[in-house]
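If you read the protein sequences in the order shown, they are chains A and B. The opening residue of the first sequence carries number 34 in the numbering used here; numbering runs sequentially from there. The opening residue of the second sequence carries number 69 in the numbering used here; numbering runs sequentially from there.
Be aware that a few hints might be false.
To be verified - Residues from chain A shown here face chain B by an in silico Cβ test under 8 Å; the list is partial:
{"#": "1", "residue": "K46"}
{"#": "2", "residue": "I451"}
{"#": "3", "residue": "P458"}
{"#": "4", "residue": "S495"}
{"#": "5", "residue": "K496"}
What the hints assert, rightly or not - In silico lysine-lysine, DSSO-like type, Cα no more than 27 Å apart, as pairs:
{"#": "6", "chain 1": "A", "residue 1": "K326", "chain 2": "B", "residue 2": "K94"}
{"#": "7", "chain 1": "A", "residue 1": "K46", "chain 2": "A", "residue 2": "K300"}
{"#": "8", "chain 1": "A", "residue 1": "K267", "chain 2": "A", "residue 2": "K355"}
{"#": "9", "chain 1": "A", "residue 1": "K376", "chain 2": "A", "residue 2": "K326"}
{"#": "10", "chain 1": "B", "residue 1": "K275", "chain 2": "A", "residue 2": "K376"}
{"#": "11", "chain 1": "A", "residue 1": "K158", "chain 2": "A", "residue 2": "K427"}
{"#": "12", "chain 1": "B", "residue 1": "K112", "chain 2": "B", "residue 2": "K179"}
{"#": "13", "chain 1": "A", "residue 1": "K439", "chain 2": "B", "residue 2": "K214"}
{"#": "14", "chain 1": "A", "residue 1": "K326", "chain 2": "A", "residue 2": "K182"}
{"#": "15", "chain 1": "B", "residue 1": "K112", "chain 2": "B", "residue 2": "K196"}
{"#": "16", "chain 1": "A", "residue 1": "K46", "chain 2": "B", "residue 2": "K196"}
{"#": "17", "chain 1": "A", "residue 1": "K46", "chain 2": "B", "residue 2": "K94"}
{"#": "18", "chain 1": "A", "residue 1": "K182", "chain 2": "B", "residue 2": "K196"}
{"#": "19", "chain 1": "A", "residue 1": "K373", "chain 2": "B", "residue 2": "K196"}
{"#": "20", "chain 1": "B", "residue 1": "K179", "chain 2": "B", "residue 2": "K219"}
{"#": "21", "chain 1": "B", "residue 1": "K196", "chain 2": "A", "residue 2": "K326"}
{"#": "22", "chain 1": "A", "residue 1": "K435", "chain 2": "B", "residue 2": "K219"}
{"#": "23", "chain 1": "A", "residue 1": "K394", "chain 2": "B", "residue 2": "K219"}
{"#": "24", "chain 1": "B", "residue 1": "K219", "chain 2": "A", "residue 2": "K93"}
Bear in mind the hints are in silico, worked out from the structure with no lab data behind them. Owing to the predicted nature of the structure, the values given are computational and were not obtained by experimental measurement. Every residue gets a Cβ at the ideal spot worked out from N, C-alpha and C, and that includes glycine.
Here is how the chains run, residue by residue.
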Amino acid sequence: MHAVRTDILSLFKITDKDMLSTTDIISRVFAEDFRKIENDIADTVLSQESKEKARHLKAKLHRRALHHINKLISEGILVVKRVGAKGEKFFAPSMAGKAMDGTTDGLFFPQQHMPSAPIEGYENKDIIYKFEADTWIPRLNAVLIEATKFDTLKSLKDAIIVIFGIINDVVIMNDFEYLLEHFPIEEVVEFFMQIEAESRDYDKRVCLVVDFTNLMHDDRLLQFFATIVPLRFKSFTIIFDVTSREMMDHAHTFEKIVMLFSRYRLKLNIKNDELHNAPFGVGRAGPYTFAEKDWRGYVQNIYPGPGKCLACTQASVVIDVKRFFDEFQKAHLFSDMVQKISKSMFVANSMQRRHANEYFKTLYDNDMHHNLFALSRMFIRFWNYEFEHPYIDKEGILEVLKSTEKQVNDFCNNEETIYLSCGMPRRFSIGFSSAYKRFDKKKVLFEASEKIGVHSMNDIYSKTLRNKLAFKEKISERLTGGDEVRFQRVGTSDPIDIVREFQALLHTYRFPFFCYNFSQTAGSTITLTSFLEGENND
Amino acid sequence: MIERDTAFQAWVDALKYVVENGEPYKDSRGRVCVEVENLKVVVKDSQSQLTLPIEHLQSIQEWVYPSILEIAEITLAKNKGYIYDYAYGTRLFEYQGSINQISDYVIPLLKRDPTSRRAIVTLYDPQKDADPNVNNVPGLVVIDFKLRDGKLNIVAFIRSSDVFIGWPANVYQLFVLQEYVAARIDVEPGSITTFSTSAHVFEDHTKLIDQLIK
């Protein structure tokens, strides 16, 4: 290839612009001549004749450059992207032509596609599922947005809509209480309604994290819930981020919240802030959270900066553990499979990051993040792990999870070391988490995990339940990407009793995140007035 | 000093040298390694067997080693900050946000004065890197270009070099840069020399290294 054409192509390799104008190209490829000509034209003491000569040379330079550019266009390497106001053309590499097939002396690199992965056999056997397989690489699963970083509700709403476009599951809004403290409740309700409508249109979820450490005005929170809970919102999840001490201090508020949530059969999600400081989110795939160590670093070093959002989870797969053991029986084969998943995730992660400025362009354009992947992880979610099986029991499953976790962490550390040694330092981390039954719109997993029924405080301390909960604690310890322990509240639902149960759970068990389901409690009737005034009509 | 005709020979012999002469020590992450200080390795013909070490590392099943594409790209492409903590391409072509050390300095300088002894670029940026809280700073610190006997030779100062997994990628990156500059001043690529103030290999890789050097 002619040296000038090589130079032109090299410009596209080292520029971050989408396209280059003729002037951009000439000023770089013929830098010395161009500078001299421009200086002559601008020179006030130079004769008109000399200036005319300079203009003539400039036109000649243009023709010379265009000759080579046109050659590259005719060969399908470059395309004209647009014509500017003064007729100047802008060029970009052709995405389908020779420029992207790697043959142009190494200056252009081929578009990458996800290569055939060593997990496809497991996918065909319905042992592994990619969450949202169609958008596995070009979209993120979950993004956290900091409510405190926005001056207006409109800018926050706009930002959430931008994020809807680049995710396939959930937006986690941290410090939602900030909105209640800083904006009129009517406006927050209006904002909520608008986001609710948008999330339905985008088919995405939003998780509001209410941190009781920062909550100053309980009445505002209750006023907000009194308005929105009766709407039975579908795409929103509320998570109460609380310590046992805060639960005690805000007991009256929680009683009212229980009253309202149980009345409308909503799930009530509680995150134990003492055990796990990083926020939790809940999406269609399952729960999401950050690694504690990463979160501490974020709070100290990144949060004070200009970033407004960050990726929580890039992509995930779900493993049906029972189905695996039905098929393969052996624990060491499980380990082999997870190793293959880790490699596939690494490749996917590389591809996603290589094309991040294209896939997540809207975030860059809106200046919404400064280190999107600072805390992000890939997730391996587990489904159907609580079973007695001829080949492995529950304790065996725990051992498998423990050894697999070490194996995956070693792999991630090794990859970070390799890339660091090659002068390409990057984060790569895989988290374990549990999966929800309806994580895939097209497929429904079978064999739901066991729900734990609670009639009263006595159940929480009963021997039968203690054994079950001890196992759940061990599982939660392994699933650092997020696990949800579900309680089915049955019988009557006295808010005072239920808040005591919450306190008992926060005090006694090491569950970072648990959920109370009120779908089987005896109904209650409340009015808005009685709710706000604290009368319990149960 | 180790001086060999090809990158592969130089790599294997450098590994042997470090394994046989290295002093054991523990790094800041608690990993045990053996280290040789101030190791000079010369690859006389930079184009011969250049990718063989990388292909060997890619064939190891335990890990995913970067592709040639990724390794090359990091050297020439700027603005890869969303992938990596830093990128050599950015430091070379857009140092401190604006200085193009290659196109605006090294290439014009060598065109004007082929005997120049000041065609150097720096990848270490004190404004970003001289901070004890920064986790990762470039291993390749300074690169020197010399035009001798019609060939472009490169010498790189590497502050920390994992000779087993890092050196092959560094040499390939240097070659990509060498070829880029050589093409623009119309000369042939010559030798590549690396000078590593800490040349080390990690204990975790002993078995893999032994298989290679024996």
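Hints, one by one, checked against the model:
no., hint, in the structure
1, K46, "5 Å, holds"
2, I451, "5 Å, holds"
3, P458, "4 Å, holds"
4, S495, "45 Å, violated"
5, K496, "43 Å, violated"
6, A:K326 with B:K94, "23 Å, holds"
7, A:K46 with A:K300, "52 Å, violated"
8, A:K267 with A:K355, "30 Å, violated"
9, A:K376 with A:K326, "24 Å, holds"
10, B:K275 with A:K376, "22 Å, holds"
11, A:K158 with A:K427, "23 Å, holds"
12, B:K112 with B:K179, "23 Å, holds"
13, A:K439 with B:K214, "48 Å, violated"
14, A:K326 with A:K182, "22 Å, holds"
15, B:K112 with B:K196, "34 Å, violated"
16, A:K46 with B:K196, "24 Å, holds"
17, A:K46 with B:K94, "40 Å, violated"
18, A:K182 with B:K196, "26 Å, holds"
19, A:K373 with B:K196, "37 Å, violated"
20, B:K179 with B:K219, "13 Å, holds"
21, B:K196 with A:K326, "24 Å, holds"
22, A:K435 with B:K219, "56 Å, violated"
23, A:K394 with B:K219, "43 Å, violated"
24, B:K219 with A:K93, "33 Å, violated"
This entry does not satisfy hints 4, 5, 7, 8, 13, 15, 17, 19, 22, 23 and 24, going by the numbered hints stated previously.
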